[in-house]
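Number of protein chains: 2
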Amino acid sequence: MSLLVVGSVAFDAVETPFGKREKMLGGSATHFSLSASFFTDVRVVGVVGSDFGAEEIAVFKRHEVNTDDLERVPEGKTFFWRGRYDYDLNTAHTLDTQLNVFADFKPKLSAESKKSPFVFLGNIQPDLQREVREQMQDAKLVALDTMNLWIDIARESLVKTIEGVDILIINDAEARQLAEEPNLIRAARKILAWGPKALVVKRGEYGAAMFAGDSYFAIPAYPLESVFDPTGAGDTFAGGFMGYLAGSGATDEAAMRRAMIFGSVMASFNVEEFGTERVQRLTYDEINNRFRSFKQMTHFEEIPFERNARVRQ
Amino acid sequence: MSLLVVGSVAFDAVETPFGKREKMLGGSATHFSLSASFFTDVRVVGVVGSDFGAEEIAVFKRHEVNTDDLERVPEGKTFFWRGRYDYDLNTAHTLDTQLNVFADFKPKLSAESKKSPFVFLGNIQPDLQREVREQMQDAKLVALDTMNLWIDIARESLVKTIEGVDILIINDAEARQLAEEPNLIRAARKILAWGPKALVVKRGEYGAAMFAGDSYFAIPAYPLESVFDPTGAGDTFAGGFMGYLAGSGATDEAAMRRAMIFGSVMASFNVEEFGTERVQRLTYDEINNRFRSFKQMTHFEEIPFERNARVRQ
Numbered sequence: 216m217s218l219l220v221v222g223s224v225a226f227d228a229v230e231t232p233f234g235k236r237e238k239m240l241g242g243s244a245t246h247f248s249l250s251a252s253f254f255t256d257v258r259v260v261g262v263v264g265s266d267f268g269a270e271e272i273a274v275f276k277r278h279e280v281n282t283d284d285l286e287r288v289p290e291g292k293t294f295f296w297r298g299r300y301d302y303d304l305n306t307a308h309t310l311d312t313q314l315n316v317f318a319d320f321k322p323k324l325s326a327e328s329k330k331s332p333f334v335f336l337g338n339i340q341p342d343l344q345r346e347v348r349e350q351m352q353d354a355k356l357v358a359l360d361t362m363n364l365w366i367d368i369a370r371e372s373l374v375k376t377i378e379g380v381d382i383l384i385i386n387d388a389e390a391r392q393l394a395e396e397p398n399l400i401r402a403a404r405k406i407l408a409w410g411p412k413a414l415v416v417k418r419g420e421y422g423a424a425m426f427a428g429d430s431y432f433a434i435p436a437y438p439l440e441s442v443f444d445p446t447g448a449g450d451t452f453a454g455g456f457m458g459y460l461a462g463s464g465a466t467d468e469a470a471m472r473r474a475m476i477f478g479s480v481m482a483s484f485n486v487e488e489f490g491t492e493r494v495q496r497l498t499y500d501e502i503n504n505r506f507r508s509f510k511q512m513t514h515f516e517e518i519p520f521e522r523n524a525r526v527r528q
Numbered sequence: 216m217s218l219l220v221v222g223s224v225a226f227d228a229v230e231t232p233f234g235k236r237e238k239m240l241g242g243s244a245t246h247f248s249l250s251a252s253f254f255t256d257v258r259v260v261g262v263v264g265s266d267f268g269a270e271e272i273a274v275f276k277r278h279e280v281n282t283d284d285l286e287r288v289p290e291g292k293t294f295f296w297r298g299r300y301d302y303d304l305n306t307a308h309t310l311d312t313q314l315n316v317f318a319d320f321k322p323k324l325s326a327e328s329k330k331s332p333f334v335f336l337g338n339i340q341p342d343l344q345r346e347v348r349e350q351m352q353d354a355k356l357v358a359l360d361t362m363n364l365w366i367d368i369a370r371e372s373l374v375k376t377i378e379g380v381d382i383l384i385i386n387d388a389e390a391r392q393l394a395e396e397p398n399l400i401r402a403a404r405k406i407l408a409w410g411p412k413a414l415v416v417k418r419g420e421y422g423a424a425m426f427a428g429d430s431y432f433a434i435p436a437y438p439l440e441s442v443f444d445p446t447g448a449g450d451t452f453a454g455g456f457m458g459y460l461a462g463s464g465a466t467d468e469a470a471m472r473r474a475m476i477f478g479s480v481m482a483s484f485n486v487e488e489f490g491t492e493r494v495q496r497l498t499y500d501e502i503n504n505r506f507r508s509f510k511q512m513t514h515f516e517e518i519p520f521e522r523n524a525r526v527r528q
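Protein sequences, first through last, are from chains E and A. Those letters in the first sequence? Residues 216 to 528, per the numbering used here, in order. Those letters in the second sequence? Residues 216 to 528, per the numbering used here, in order.
Hints are supplied without guarantee of correctness; some may be wrong.
Which copy? The list can't say, so a pair holds if one copy fits it or any two copies do.
[Stated by the list, open to error] Distance condition first, Cα-Cα at most 27 angstroms in a straight line; then the derived BS3-like pairs of lysine-lysine:
#1 235 - 321
#2 405 - 510
#3 292 - 235
#4 412 - 510
#5 375 - 321
#6 292 - 276
#7 292 - 510
#8 405 - 292
Everything labelled a hint here was simulated from the structure, so no lab data went into it.
Just chain E, with the same shape it has in the complex (with noise of 0.2 angstroms):
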């Protein structure tokens, strides 16, 4: 089934310990759509400039992503993020932030993206999301992203979004702060009461957590030994996580636990190399190989122990 992404679609400069890029495709909405795009028919509902040429839009294009959606406005410029990472890979240090066309984004969905009946809205600003929402009345399974920014800065409209979507993939810190409540599982109970019916918890280098009603599952991330560039692994987690839920059409819980597993897997590969370009080129065979990795470090029989000498109640 088809799954509309709205995010940001950008030119990223990055640096890490490992080397670096001066301009190379980035945003959540790009991230997010190569990840999908392995699994189902994704459409992008974004902004871009005039600097956003044929190479970039072959790139969407070479993994069938629906561009129809994708504005772009002749006089502008894209969004442009530039960032460092020291050796601890985990905190992004921003350099500087040109926001350019993106600072006017109005998500506009064609006919055919309003159809789509699974939905990601990728971090931007809560009233943007929730008209598109508003759009989509006959989706199955709509998703949310958010970040600290807008929980500061507008939480009662963040709230009022939350309210009206199935599910919120945000990071460990997100939650917390989301909820005001230090413990993770409260936080979640709170979040989850205001309306929808999963919360996905993104931990970086120690997995991911999914509180579904009163089911609780988690998992640990893929080891890797060396992290290249971890900018999009989160939203190429989600990528993984509704592209797989849409190309399979189920959205029952253990349909969500596997889709868990193929956003870490596919997470594991974006921070490999800088980028997308790992993603870019990624085979099939080699996304199932370290889904069966998942299985197999996470195994164990389920033998309980038997009472013996000493038992004492």
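Dock chain A against the given chain E, drawing on the hints supplied.
Structure of chain A alone, referenced to chain E:
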């Protein structure tokens, strides 16, 4: 099979945001042996002072822990630790440490103790750990814990001690510091090259991981809404881990994976109340129910993604 533990037996004074205790039974060997006692016969090697009374000994006795090698120094006082936890329960703030009789602790092993096939060398000076190890020539499985202090001031001796054990059970930060390598996977490979067949890494609220040869196993922590007192969680984990292995007599990888779960189960109970209070009144049903919860919260079906119309390679 019998399990020997060498380590501290202490009195703890602990204050957390949820309450306080002025003097309660503590120490690494205490937490370890109570936890392990649910699975196997345990013998504790340690030292206490004259203030260590019948009430404390009775706790060990009730759990059938053999205290023949728990040395009593009539003119001395028991090791005392006072600590405080803030809302971030991950960090213990030490307010007072009185080593007392523990300062001159020299483990003395009876002939019976030397025959224990399973051994846990709790966190004491590495020369002492090695002396104990050398007296246990017929041991089937020897595990070791340590801390940042020994990595800082006795690295050479510690590495030599590690070369002679089967399993190292330490936390995340200790593994990285010990290997002088920020990436955990590379740190693990380096440590395993010294000799141990497995490295177990405790990650607090993020769970635990095990590196054994080329195999990697990782599990989340049990999700707790309130952590009351984290003191002794690591030793309680190690007690469940080693206790399960000794109790089942197995040391294969499948058993070690289940041991990781039982260790996590025991640690999750430990932190629910002060000191050893919760573990002291645990039942086998509680242990096995939580073991089953671990299966539920980590299980997913191994169904790879089927290539469909989207196949591009």
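> What hint numbers does the structure not satisfy?
Replying inline: Hints 1, 7 and 8 are the ones this structure does not satisfy, whereas the remaining hints hold.
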